[in-house]
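Chains as they are written, first to last, in the numbering used here: chain A, 1 to 443; chain B, 1 to 311.
Keep in mind that the hints were calculated from the coordinates and are not lab data. Mixed in with the good hints, there may be bad ones.
Said to hold, decoys possible - Some chain B residues near chain A, calculated using beta-carbon distances under 8 Å:
1) ASN49
2) GLU52
3) GLY134
4) ASP173
5) GLU194
6) SER242
7) VAL244
8) GLN274
9) ARG275
Computed from a predicted model, the values in this text were never measured in an experiment. Positions of the beta carbon are idealized from the N, C-alpha and C atoms, including for glycine.
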Amino acid sequence: MPRFTRNAACVLTASLALLATACTGSSESGATDDPNAETTLTFWHGWSAPAEVKAVEENIARFEKAHPNIKVKVVGNINDDKLNQALRAGGSNGPDVVSSFTTSNVGKFCSSGAFVDLKPFIEKSKLDLDALIPKPMLDYTQFEGTRCALPLLGDAYGLYYNKDAFEEAGIKAPPKTWSEFAKVAKKLTKPKGDSYEQLGFMPTYHGYETVVSHYMSQWDHAYFDADGKSNIAEDPAFAEMFTYQKKLVDDLGGFARLEKYRNTFGDEWGAEHPFHTGQVAMQLDGEWRLGMAKDAGLDFEIGTAPLPVADDEVDEYGKGFLSGTIVGIAPASKKQNAAWELVKYLTTDTESVVAFSNAIHNVPSTFEALKSPDLKTDPEFRTFLDIAQHPESTTAPNAVNGATYQLTLQDFGYQYESGKAKDLKAGLEKTAEQIDRDIEQAK
Amino acid sequence: MSTLAVRRRRSALRTLAFLSPWLIGFAVFFAYPLISTVYFSLMKYDGFNTPEFRGLDNWTYVFSDYPMFWPALRNTLWLVLVMVTCRVVFGLGVGLLVTRIKRGAGVFRTLFYLPYLAPPVAATLAFVFLLNPGTGPVNSVLDSVGLPTPGWFTDAAWSKPALTALAVWGVGDLMVIFMAALLDVPKEQYEAAELDGASAWQRFRYVTLPNISPIVLFAVVTGVIQTMQYYTQPLVAGKVASGVIGGSGQQFEPGYPDKSTLTLPQLVYNLGFQRFDYGAACVVALVLFALAMAFTALLMRRRGGLLGAGD
Numbered sequence: 001m002p003r004f005t006r007n008a009a010c011v012l013t014a015s016l017a018l019l020a021t022a023c024t025g026s027s028e029s030g031a032t033d034d035p036n037a038e039t040t041l042t043f044w045h046g047w048s049a050p051a052e053v054k055a056v057e058e059n060i061a062r063f064e065k066a067h068p069n070i071k072v073k074v075v076g077n078i079n080d081d082k083l084n085q086a087l088r089a090g091g092s093n094g095p096d097v098v099s100s101f102t103t104s105n106v107g108k109f110c111s112s113g114a115f116v117d118l119k120p121f122i123e124k125s126k127l128d129l130d131a132l133i134p135k136p137m138l139d140y141t142q143f144e145g146t147r148c149a150l151p152l153l154g155d156a157y158g159l160y161y162n163k164d165a166f167e168e169a170g171i172k173a174p175p176k177t178w179s180e181f182a183k184v185a186k187k188l189t190k191p192k193g194d195s196y197e198q199l200g201f202m203p204t205y206h207g208y209e210t211v212v213s214h215y216m217s218q219w220d221h222a223y224f225d226a227d228g229k230s231n232i233a234e235d236p237a238f239a240e241m242f243t244y245q246k247k248l249v250d251d252l253g254g255f256a257r258l259e260k261y262r263n264t265f266g267d268e269w270g271a272e273h274p275f276h277t278g279q280v281a282m283q284l285d286g287e288w289r290l291g292m293a294k295d296a297g298l299d300f301e302i303g304t305a306p307l308p309v310a311d312d313e314v315d316e317y318g319k320g321f322l323s324g325t326i327v328g329i330a331p332a333s334k335k336q337n338a339a340w341e342l343v344k345y346l347t348t349d350t351e352s353v354v355a356f357s358n359a360i361h362n363v364p365s366t367f368e369a370l371k372s373p374d375l376k377t378d379p380e381f382r383t384f385l386d387i388a389q390h391p392e393s394t395t396a397p398n399a400v401n402g403a404t405y406q407l408t409l410q411d412f413g414y415q416y417e418s419g420k421a422k423d424l425k426a427g428l429e430k431t432a433e434q435i436d437r438d439i440e441q442a443k
Numbered sequence: 001m002s003t004l005a006v007r008r009r010r011s012a013l014r015t016l017a018f019l020s021p022w023l024i025g026f027a028v029f030f031a032y033p034l035i036s037t038v039y040f041s042l043m044k045y046d047g048f049n050t051p052e053f054r055g056l057d058n059w060t061y062v063f064s065d066y067p068m069f070w071p072a073l074r075n076t077l078w079l080v081l082v083m084v085t086c087r088v089v090f091g092l093g094v095g096l097l098v099t100r101i102k103r104g105a106g107v108f109r110t111l112f113y114l115p116y117l118a119p120p121v122a123a124t125l126a127f128v129f130l131l132n133p134g135t136g137p138v139n140s141v142l143d144s145v146g147l148p149t150p151g152w153f154t155d156a157a158w159s160k161p162a163l164t165a166l167a168v169w170g171v172g173d174l175m176v177i178f179m180a181a182l183l184d185v186p187k188e189q190y191e192a193a194e195l196d197g198a199s200a201w202q203r204f205r206y207v208t209l210p211n212i213s214p215i216v217l218f219a220v221v222t223g224v225i226q227t228m229q230y231y232t233q234p235l236v237a238g239k240v241a242s243g244v245i246g247g248s249g250q251q252f253e254p255g256y257p258d259k260s261t262l263t264l265p266q267l268v269y270n271l272g273f274q275r276f277d278y279g280a281a282c283v284v285a286l287v288l289f290a291l292a293m294a295f296t297a298l299l300m301r302r303r304g305g306l307l308g309a310g311d
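This is chain A alone, in the form it adopts within the complex (with noise of 0.2 Å):
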């Protein structure tokens, strides 16, 4: 073989290995088979640990004993990423039902029309939403005017304290305002050697829950202008919380020497978080924490309460970060009006709500839920169902690309945490003109 010809062949086999087949998806819709008719649903879902699959499987229990010509056939322990693969991909095998833990990708969802627009649904079961479920969580299920989800459940974000380290340091209540909040963290601390025995608060955008848009949740603020333009160049609060924050990562030791703390922690997951294991006296986090944690088998008393405000919006206090998990139609399905049954149970079903409420201790998403008295809450858990129901608790709003807006400002975050960026003013501008660019490209 000529070397011209062996070498060009050597390229091309070489190459082959890098190209990536072009797949596309087929995105049908319109519901036309009988909901009363016998058949088999597919039903994807994000949980996974054990406890949390038993309560779905015994949620999809009561659906099939209140349709019995409806079975469900499970499927656990899927992240977006498969989900995304799966609705692209489409086929007969492929979810009729579809659950997603990430709130902030419903502007993708619904524009794309990875999930079905629930609307005409919606209208023939007559279901008056604004009654049925609180208005941020309405909120955080659509796009645009595009409802394609309903909460499946829903998360409040709030602080978790350590009593025991709270008495021990004479602290009686839990802050109020951030200003109140950076004091108390600063008292809770020990250092140690170039380490800490005890850190008052883990301040970082790494800290596990402490991104940014936990954090913005607590000012007064908004993402976007009325042409839908980034903000936060424009809205100080932006600048009031990142300064904060700098600060207080500055105040409670440096940045270098806390993230060489946060490298000894345990996994946000597992039995060994910072805050179980009493390496962080105070922690950022979702109500889950709760159940967590006395799983874990502390050996303090917790605390909960809401997290602290801007010290001129005490007013508001009380309020904080909503998400959760959000529920569909796969485009794909031939199913799609006994499918729309199964989401009508799930999301607004009170006793189906309650229940899977009390199983996996998350809020529940309905008012009805939220009042019922078979609900079961002490008063730790009591402060995630009022943060829930706060008015002024919000979420961040959806975009045309998902989370990636919240990515690349938590980015310029963790640039400006560590020092790195030094110029909070430019910054931010430099941030907002990418993430119009990002929602531009989107479009």
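Add chain B to chain A, keeping to what the hints say.
Same frame as chain A, now just chain B:
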């Protein structure tokens, strides 16, 4: 039609029939995906709706406005140059070592080969644990002897060297290939070189290396291709070290720390399957394709293809 023409036609059809398995494979697995990738790079396409023509917008976005592209390209090139070189040098070194060991060669071969069998995710998790700057045994040892303790996977300056160490640890595949090549070098050439008074280095330089050069080239070319596809290890390392492993609805952006573990294949996935932007993902895929072609062509040209000393 003359008999000759019929014969020629039959011969051509026969040739085509014999070639057809390759031709079909080439068309389905190479030509179609390549043409599709070029096509979609000019379209807005989210995988659900009908593609819309966008001209060069996706190309402009990736090259000018997508902040992850250039760091990913730099990282990928760094890994191609440093990681591939280290793997080939260590693979050859270990191959030389185990072919020369008189006793216990089997044990050493097994010990050096075993890490290659470790699943990439498990191996990466183990490395992140070992190199954890807060609790890892490596830094404890370094600290106890008074050496500096790097941040490894948590430090942008050390994350790629840490990934290189992980790749070198799993060099067993190259060791086996080099061992086979080294054992295949004619013994009489070494004897002749020794008679001529050649030193150990000269024997390696003028006898071993020319004989195994096709294998070295093979190792480099496949190494470049593998590194161009490098995805799992940097993603897992970044994810675990960052502490953001998902579960509460948080989305993870690859590259921790400070975009230092971003690679081009991660961008293809991130753009195509997480952002629903097939067009921009196809642009990055084509950049990867062009780079792989360029690297491979350059290496083939400079090293005279797969010709060894005896060819």
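Q: Using Cβ atoms only, decide whether GLU194 of chain B comes closer than 8 Å to chain A, and label the hint accordingly.
A: Violated, about 34 Å.
Q.
Can you verify the interface hint for VAL244 of chain B: is its Cβ closer than 8 Å to any Cβ in chain A?
A. holds (7 Å)
**Q.** Interface hint compliance - ASN49 of chain B to chain A, C-beta minimum distance less than 8 Å
**A.** ASN49 of chain B check passes; min Cβ-Cβ to chain A is 6 Å, inside 8 Å.
Q: Please verify that hint: GLY134 of chain B, Cβ, nearest Cβ of chain A, below 8 Å or not.
A: holds (3 Å)
Q) Holds or violated: is the Cβ of SER242 of chain B closer than 8 Å to a Cβ in chain A? A) Since the shortest Cβ distance to chain A is 6 Å, the answer is holds.
Q. If you take the shortest Cβ to Cβ gap from GLN274 of chain B to chain A, is it below 8 Å?
A. holds (7 Å)
**Q.** Status of the ARG275 of chain B interface restraint (C-beta, 8 Å, chain A)
**A.** With Cβ-Cβ at 6 Å, under 8 Å, it holds.
Q. Taking 8 Å as the limit, does the beta-carbon of GLU52 of chain B come near enough to a beta-carbon in chain A?
A. At 11 Å from the nearest chain A Cβ, GLU52 of chain B fails the 8 Å test, so the hint is violated.
Q: Could you check if ASP173 of chain B really has its C-beta closer than 8 Å to a C-beta on chain A?
A: violated (16 Å)
Of the numbered hints listed earlier, those contradicted by the structure are 2, 4 and 5.
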